[in-house]
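Novice: Between the sequences and the hints, there should be enough to build the whole structure, so can you do that?
Protein chains in written order, with this note's numbering: chain A, 1 to 113; chain B, 1001 to 1292.
Rather than coming from a laboratory, the hints here were simulated on the basis of the structure.
Don't take every hint at face value.
Stated by the list, open to error - In the BS3-like style, the derived pairs of lysine-lysine whose C-alpha atoms are separated by at most 27 Å in a straight line are: (1) 27(A) x 1161(B); (2) 112(A) x 1161(B); (3) 1071(B) x 1245(B); (4) 112(A) x 27(A); (5) 27(A) x 1245(B).
Said to hold, decoys possible - Which residues of chain A face chain B? A partial, calculated answer using Cβ under 8 Å: (6) 29; (7) 46; (8) 105.
Don't be surprised by glycine CBs; every beta carbon is placed ideally from N, CA and C.
The residues making up each chain are set out below.
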Amino acid sequence: MNLRVLACALACLAAPASAHAFLDHAKPGAGTVLQVAPGSVMLLFSDDLQPESGVTILDSSGHSVGTGRVMITGNCIMAPLRRLGPGKYRVVWHAVSMDDHRTQGAYVFEVKP
Amino acid sequence: MHILPKGAVRAAALMLAAAITASPGQAHGVIGQRFFPATITTDDPFAADELALPTVSRFDHETDVEFDYSKTIFPGFAIEVGMGHVNIHAPGEPRARGFDNLEVSPSVELYRSPAHEFILTTGLEWEVGGTGSRSVAERSSTYTPTVKFGKGFGDLPDSLKYLRPLAVTGTVGYAMTGATSEPRSIEWAGAVEYSLLYLQNNVRDESFGRLVSHLTPLVEFRFSSPTDGSGTTGTINPGLIWSGKYIQLAAEAMIPVNRASGHGTGFIAQLHFYIDDLFPHSLGRPIFGGHK
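Specialist: If you want it as structure tokens, here you go:
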């Protein structure tokens, strides 16, 4: 009986682990100054994401410049953009990892005239 | 043959069942856009599921090997237990070695502000007198009510954006020992840290590799100021923390601030496990009241 309890405990401990999803790589990256406007924002995370994750890209007056279609696949979020003019843009993301841990972040990139 | 008493096994099974059915709680060291790594000289202000095993230090003719395990009971409330082995080898004196007293430290998160990357926590550190070896541990208990805080500077204006990766943590406690011969003291400690991950992700993409971007250079300090005026002692500890997905590694030098604090530069190093990430569905959850 005791061995069964112990085996159950070990089986639970051996369940596959997941972790916080931290941003690993972004394109365009934080603080980047671009000569050509990007067609999308792509964020790669350290762990797979749940569909509740998301990203919003805002212009300097706070209006969204996304197309409204955000794709989440594995550890990647991709947001196509409308045609961007010169200016600064703010990327605001939130990530929900497979173990329900939440992380968030924001950064700015710039498109030069 | 029974290795453990029957009651102990049942209690462990019940606790395990409670842990499995509970929901995830607050994340270790994350508030707003900020990740605070677990500092090794000072207690960080997060009530989290984590394990430090081992923490090894060598300073002023003393070598310590310690472990600390912190378990969330409710979201925002954790109890930490710790114990260590002490080896004192002062020149001209007989060597003393043995286990130090058990330490039990409940802590409660009082206030969190994700927008300002700020957290305030209070707790009690209880060194349980008489639980360690007579040769190295006090026979009387020490109680230290403590206030801890963490603050990230992500809310600084654009003109100071390169200071946004900075964060500070601190603790202030009042140590009351049961031994009449020992003075009471103010225990104060803290850390100033600069997160390369924050710099990379929130300020400017420096194209750091994964190894470099997960580094946090920091300076920790820990002081003790006895109330009888016998003089403040302590160390200043510059070092590095590397934070991975499930573990972190940290190493710091220990520099005494005055002669009374010790002689020569020592070191402290730690392997730390994020239990909430390693076992998100069992040991890494609060036992009661977790929520998604």
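Novice: Now, for every hint given, state plainly whether the structure supports it.
Specialist: Each hint, compared with the structure:
{"no.": "1", "hint": "27(A) x 1161(B)", "verdict": "holds (20 Å)"}
{"no.": "2", "hint": "112(A) x 1161(B)", "verdict": "holds (20 Å)"}
{"no.": "3", "hint": "1071(B) x 1245(B)", "verdict": "holds (19 Å)"}
{"no.": "4", "hint": "112(A) x 27(A)", "verdict": "holds (16 Å)"}
{"no.": "5", "hint": "27(A) x 1245(B)", "verdict": "holds (22 Å)"}
{"no.": "6", "hint": "29", "verdict": "holds (3 Å)"}
{"no.": "7", "hint": "46", "verdict": "holds (6 Å)"}
{"no.": "8", "hint": "105", "verdict": "holds (5 Å)"}
The earlier numbered hints are all upheld by this structure, with none contradicted.
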